[in-house]
Amino acid sequence: MSGTEIGLAVSVFLACAVEAVEALTIVLAVGTTRSWSSAMSGVGAATLALAVIVTALGPALTSLPIDVLRVVVGGLLLIFGLQWLRKAILRGAGLKAKHDELETYQQEAETARAAGARHPGFDGYAFTIAFKGVLLEGLEVAFIVLTFGANQHDVGLAAAAAGLAVLTVVVAGAAARAPLARVPENMMKLAVGVMLSSFGMFWGAEGAGAHWPGGDAALLAVIPSVLLAALATIWTLRRAVMSATSV
Amino acid sequence: MSRAQAFLLAVWEFVVGDDWRTALGVALALALTAIIAGAGVSAWWVMPIAVIVLLALSIRRAARRGT
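Each protein sequence line maps, in turn, to chains P and W. Remember, the working numbering sits 48 above the position in the first sequence when you count from 1. Remember, the working numbering sits 73 above the position in the second sequence when you count from 1.
In case anyone wonders, no lab produced these hints; they're calculated from the structure. There is no bait here: all hints are sound.
Stretch-level coverage of chain W by chain P, calculated; a stretch enters the list once three of its residues show a Cβ under 8 Å from a Cβ in chain P:
# : region
1 : 111 to 120
2 : 128 to 137
Far from chain P, by Cβ distances over 12 Å, these chain W residues were calculated:
#  : residue
3  : MET74
4  : SER75
5  : ARG76
6  : ALA77
7  : GLN78
8  : ALA79
9  : LEU81
10 : LEU82
In silico contact screen, one side only, chain W against chain P (beta carbon under 7 Å); selected entries:
#  : residue
11 : GLY90
12 : THR95
13 : ALA96
14 : VAL99
15 : LEU103
16 : THR106
17 : ALA107
18 : VAL124
The beta-carbon is built from N, C-alpha and C at its ideal position, and this holds for glycine as well.
Make a model of the complete structure from these sequences and hints.
Written as structure tokens, this is what we have:
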């Protein structure tokens with residue numbers, strides 16, 4: 049496996065694991081308070097919809113000319129990556145509240161209880177919330193799987209990394225029987241932001257006609273540089289926040 | 074809002090996200106890279122500089138908004 053393929057697999061695994069943790073919280077909340085069978089039906093329907101999206105769009109993307117694919121996909125990955133990075137940096141610096149799975153679980157459960165009486169048999173509320181939760185959290189992952197996979201002409205590897213991440217989170221969730229509140233989500237989101245931004249910048253520039261010094265090996269400098277820049281920004285902002293609060 | 078409008082809005086929010094200026098900046102940086110590379114000059118350095126500037130501006134806007 050090449051370095052780029054390892055980067056692809058790690059990026060997809062982390063992005064998928066983060067989104068799966070958030071989807072698990074929603075499914076647990078409606079499953080526990082409403083109906084497990086209806087919630088799991090919603091999960092199944094959303095997974096099917098995501099699989100159809102990946103299966104339908106995968107071949108279409110891989111048939112594009114490589115330069116067009118790289119500039120479009122690179123640009124989109126960079127836009128996504130910069131958003132992930134910005135949020136992770138703000139959370140790391142204490143300027144944005146960290147994602148709290150327990151709090152989200154309690155809010156979702158409270159809303160589910162307030163949504164009216166449970167229907168015997170099929171519960172439409174549990175189905176809809178689980179379906180929407182998994183589909184919305186999964187769409188971005190589906191996009192990452194497609195774009196990373198198409199660029200490397202290895203959608204199968206990207207899909208396998210995503211599947212492994214979902215399996216890991218589901219097994220951990222089943223073992224814990226609770227939201228996975230101890231998963232270091234912000235650190236994982238920072239890592240995903242770094243990888244998406246690095247690959248997006250690399251592929252986008254190549255697609256636009258630029259040549260990186262050293263070719264693919266340039267990624268070995270690009271990824272650590274983006275990570276260092278992000279950590280330095282967190283450190284600088286944290287110091288600014290501390291000095292502002294101590295005055 | 075019609076279904077078509079709702080769909081377009083969802084696509085916009087999915088692709089562009091909550092900071093359209095960053096998305097526009099990425100598009101402009103890619104265009105500048107293409108122009109410079111098309112002129113036969115080394116252009117790989119454009120995107121790293123663009124990323125640093127766009128990220129810094131995006132963080133500054135978010136911090137000022139208090140989010």
